[in-house]
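A.B. asks: From first to last, the protein sequence lines are chains A and B.
Be aware that the first sequence starts at 7, since it is given in this note's numbering, and climbs by one per residue.
Be aware that the second sequence starts at 7, since it is given in this note's numbering, and climbs by one per residue.
Hints are computed from structural coordinates only; laboratory data are not their basis.
There may be inaccurate statements among the hints.
Chain copies aren't distinguished; within one or between two, either way the pair holds.
[As the list claims (entries may be wrong)] DSSO-like, lysine-lysine: derived pairs with alpha carbons at most 30 Å apart:
hint	residue 1	residue 2
1	Lys273	Lys94
2	Lys123	Lys8
3	Lys135	Lys252
4	Lys200	Lys135
5	Lys123	Lys218
6	Lys135	Lys94
7	Lys200	Lys218
8	Lys123	Lys141
9	Lys273	Lys141
10	Lys279	Lys8
11	Lys273	Lys218
Listed below, chain by chain, are the residues.
Protein chains: 2
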Amino acid sequence: MKSVTIQSPGTIANLVCGFDVLGLALHDPYDTIALRLTEKPEVKIINEDDYDLPTDPQKNVSGVVLISIMERLNNNCGFEMISHKKIKPGSGIGSSAASAAGVAVAANQLLGNIFTKEELVQFAMNGEKLASGVKHADNIAPCIYGGITLVRCIHPLDIVAIPAPHLFVTVVHPQIEVKTADARQILRKEIQLKDAIRQWGNVAGLVSGFFKNDYELISRSLEDVVIEPLRSILIPGFEEVKKGSKETGALGGGISGSGPSIFMLSKDEATAKQVATVMQQVYEQLGIAYHVYVTTINQQGVAVVG
Amino acid sequence: MKSVTIQSPGTIANLVCGFDVLGLALHDPYDTIALRLTEKPEVKIINEDDYDLPTDPQKNVSGVVLISIMERLNNNCGFEMISHKKIKPGSGIGSSAASAAGVAVAANQLLGNIFTKEELVQFAMNGEKLASGVKHADNIAPCIYGGITLVRCIHPLDIVAIPAPHLFVTVVHPQIEVKTADARQILRKEIQLKDAIRQWGNVAGLVSGFFKNDYELISRSLEDVVIEPLRSILIPGFEEVKKGSKETGALGGGISGSGPSIFMLSKDEATAKQVATVMQQVYEQLGIAYHVYVTTINQQGVAVVG
Numbered sequence: 007m008k009s010v011t012i013q014s015p016g017t018i019a020n021l022v023c024g025f026d027v028l029g030l031a032l033h034d035p036y037d038t039i040a041l042r043l044t045e046k047p048e049v050k051i052i053n054e055d056d057y058d059l060p061t062d063p064q065k066n067v068s069g070v071v072l073i074s075i076m077e078r079l080n081n082n083c084g085f086e087m088i089s090h091k092k093i094k095p096g097s098g099i100g101s102s103a104a105s106a107a108g109v110a111v112a113a114n115q116l117l118g119n120i121f122t123k124e125e126l127v128q129f130a131m132n133g134e135k136l137a138s139g140v141k142h143a144d145n146i147a148p149c150i151y152g153g154i155t156l157v158r159c160i161h162p163l164d165i166v167a168i169p170a171p172h173l174f175v176t177v178v179h180p181q182i183e184v185k186t187a188d189a190r191q192i193l194r195k196e197i198q199l200k201d202a203i204r205q206w207g208n209v210a211g212l213v214s215g216f217f218k219n220d221y222e223l224i225s226r227s228l229e230d231v232v233i234e235p236l237r238s239i240l241i242p243g244f245e246e247v248k249k250g251s252k253e254t255g256a257l258g259g260g261i262s263g264s265g266p267s268i269f270m271l272s273k274d275e276a277t278a279k280q281v282a283t284v285m286q287q288v289y290e291q292l293g294i295a296y297h298v299y300v301t302t303i304n305q306q307g308v309a310v311v312g
Numbered sequence: 007m008k009s010v011t012i013q014s015p016g017t018i019a020n021l022v023c024g025f026d027v028l029g030l031a032l033h034d035p036y037d038t039i040a041l042r043l044t045e046k047p048e049v050k051i052i053n054e055d056d057y058d059l060p061t062d063p064q065k066n067v068s069g070v071v072l073i074s075i076m077e078r079l080n081n082n083c084g085f086e087m088i089s090h091k092k093i094k095p096g097s098g099i100g101s102s103a104a105s106a107a108g109v110a111v112a113a114n115q116l117l118g119n120i121f122t123k124e125e126l127v128q129f130a131m132n133g134e135k136l137a138s139g140v141k142h143a144d145n146i147a148p149c150i151y152g153g154i155t156l157v158r159c160i161h162p163l164d165i166v167a168i169p170a171p172h173l174f175v176t177v178v179h180p181q182i183e184v185k186t187a188d189a190r191q192i193l194r195k196e197i198q199l200k201d202a203i204r205q206w207g208n209v210a211g212l213v214s215g216f217f218k219n220d221y222e223l224i225s226r227s228l229e230d231v232v233i234e235p236l237r238s239i240l241i242p243g244f245e246e247v248k249k250g251s252k253e254t255g256a257l258g259g260g261i262s263g264s265g266p267s268i269f270m271l272s273k274d275e276a277t278a279k280q281v282a283t284v285m286q287q288v289y290e291q292l293g294i295a296y297h298v299y300v301t302t303i304n305q306q307g308v309a310v311v312g
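Construct the entire structure; sequences and hints are all you get.
C.D. replies: As structure tokens, this is what we get:
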């Protein structure tokens, strides 16, 4: 039977002021998934990495996505998947989204591209539901569409592709655990109207900056007065990384997803590399193991490579 | 001494989801102001309309703007102003902003354009302070820049010009009084985080729609879940106007400024005129006097006409 290999990228959701709505896809890190179409209506999962993820398809992020696709096709086919993850689960760089979106795109390729991108997002959201309890699309959307995406609304789903200037992204993943439950619980159900206004002023500025290729406007708009002040408390070194990165020339940045990874955007590669050095220094000093990526925005999203 | 005549347009602030940050300038209605440069450091005000506005420059919106400009120039000149307002004070269509921005642009023209647009906004905000107690720029900015503007931030002032597709605007001014104090008091100091997220998703969608010339996206994003549900209570006929206008083909709209005027955006003139008919019918039935404008977005802002 037919098989396909895809690369599914890491993504940054909760793009500073654009909490829950703006996200972007990265070139690095990415997962590699090989998917084979089979005749028997079953999902078989083989993990070729060290993350010990479940192989029971009902308990596996990719598995539930493939099951939902099988069900749409009246169970007249099955899938066999070999997964090689490089995006560490719990890093805040969209590990579950890469698994979910990756198999959705791969399955669609095997089936002759019968589904729209929006349908693929719908399938992939089943994986996010399993991973976090909530059907959200803020990592799935940039993973499938590439570039920078706006999830304007979830019900009904409304995804808007936003053009982005060439930007370098430096991401540091300090190897600590931030429990999603903690990251959620620390948020307040109510916020000040004046903070909300400042936030949507910044969201409008950030989106305008992306459309206008206006790096200064992007930089001024990369401010989060609602979520970051609360969640950054959970990430040791956050303030030092942010301050040091901006002093070194980064346009700005913040928490990737719900953390613990931190990302910074830069106009050029030299600055992005200096930002990486700043991040390294902070976590060396704190004695926390870390991983740093210097990469760019991935305009394509999930890519079929074989 | 030199003199100049300007037309200063009405403006719509609080553009639906863009409360406090997004506004646009109209072609109609507009005020006409003639300004003359004099040698004596005084401001003289002549009102040629029926609104009985103060002629004491310290108590007049245009007056305080001219005084602030005189002071910047070490009081080495004065101004004589003849004002002919067509934008009714208290209408919610930026009457005070037209007075404030109009004289700022006129004075700058007389002085050889020595000030930037941003400086003119700063001068004009003194007029808004007098009118409403708060230095705000959400009407001033579109009045001076034209088109659609974002006031990303007030301190420091950050105004972003946003390109707009060709849009028709229908505005109805029901001749009732909504006290600014009431319109403010009805707002809550705290809002639900989930509503704030929906609002900034819509703001991002609306701005993207403007940049992309995507009328459908503009229409979907013209939704206000924070301010309108509270303030629309103060405007009789609001729901009927909104529902009828959208059924007739309007893209959407909402409260103009803090009301009582209501505006609707349409793709073409025929729809904009049908929307006007809907508005007329609503206020005829309610027995409330009204005025309706069918106009377009004014890309220029305050215009020197003589």
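A.B. asks: Could you run down the list of hints and mark each one as holding or not?
C.D. replies: Going through the hints against the structure:
Proximity of Lys273 and Lys94 under a CA criterion of 30 Å is satisfied intra-copy only: 27 Å inside one chain copy versus 48 Å between copies. In the homo-oligomer, the alpha carbons of Lys123 and Lys8 lie at most 30 Å apart inside one protomer (21 Å), although the nearest pairing across protomers, at 63 Å, exceeds that limit. In this assembly of identical chains, the alpha carbons of Lys135 and Lys252 never lie at most 30 Å apart, being 35 Å within a copy and 35 Å across copies at closest. Within a single copy, Lys200 and Lys135 get their C-alpha atoms only as close as 32 Å, which misses the 30 Å cut-off; across copies the closest is 18 Å, which meets it.
Within a single copy, Lys123 and Lys218 get their C-alpha atoms as close as 26 Å, and across copies as close as 20 Å, so both meet the 30 Å cut-off. With identical chains, the CA atoms of Lys135 and Lys94 are at most 30 Å apart within one copy only, with a shortest distance of 18 Å there and 53 Å across copies. Proximity of Lys200 and Lys218 under a CA criterion of 30 Å is satisfied in both settings, with 27 Å inside one chain copy and 29 Å between copies. Taking the shortest alpha-carbon separations for Lys123 and Lys141, only the intra-copy value of 16 Å comes in at or below 30 Å, while the best inter-copy value is 46 Å.
Taking CA atoms no more than 30 Å apart as the test, Lys273 paired with Lys141 passes in neither setting, with 33 Å inside one copy and 35 Å between copies. Within a single copy, Lys279 and Lys8 get their C-alpha atoms no closer than 41 Å, and across copies no closer than 58 Å, so neither meets the 30 Å cut-off. When the C-alpha separation of Lys273 and Lys218 is checked against a cutoff of 30 Å, the pair qualifies both within a copy, at 14 Å, and between copies, at 24 Å.
Of the numbered hints listed earlier, those contradicted by the structure are 3, 9 and 10.
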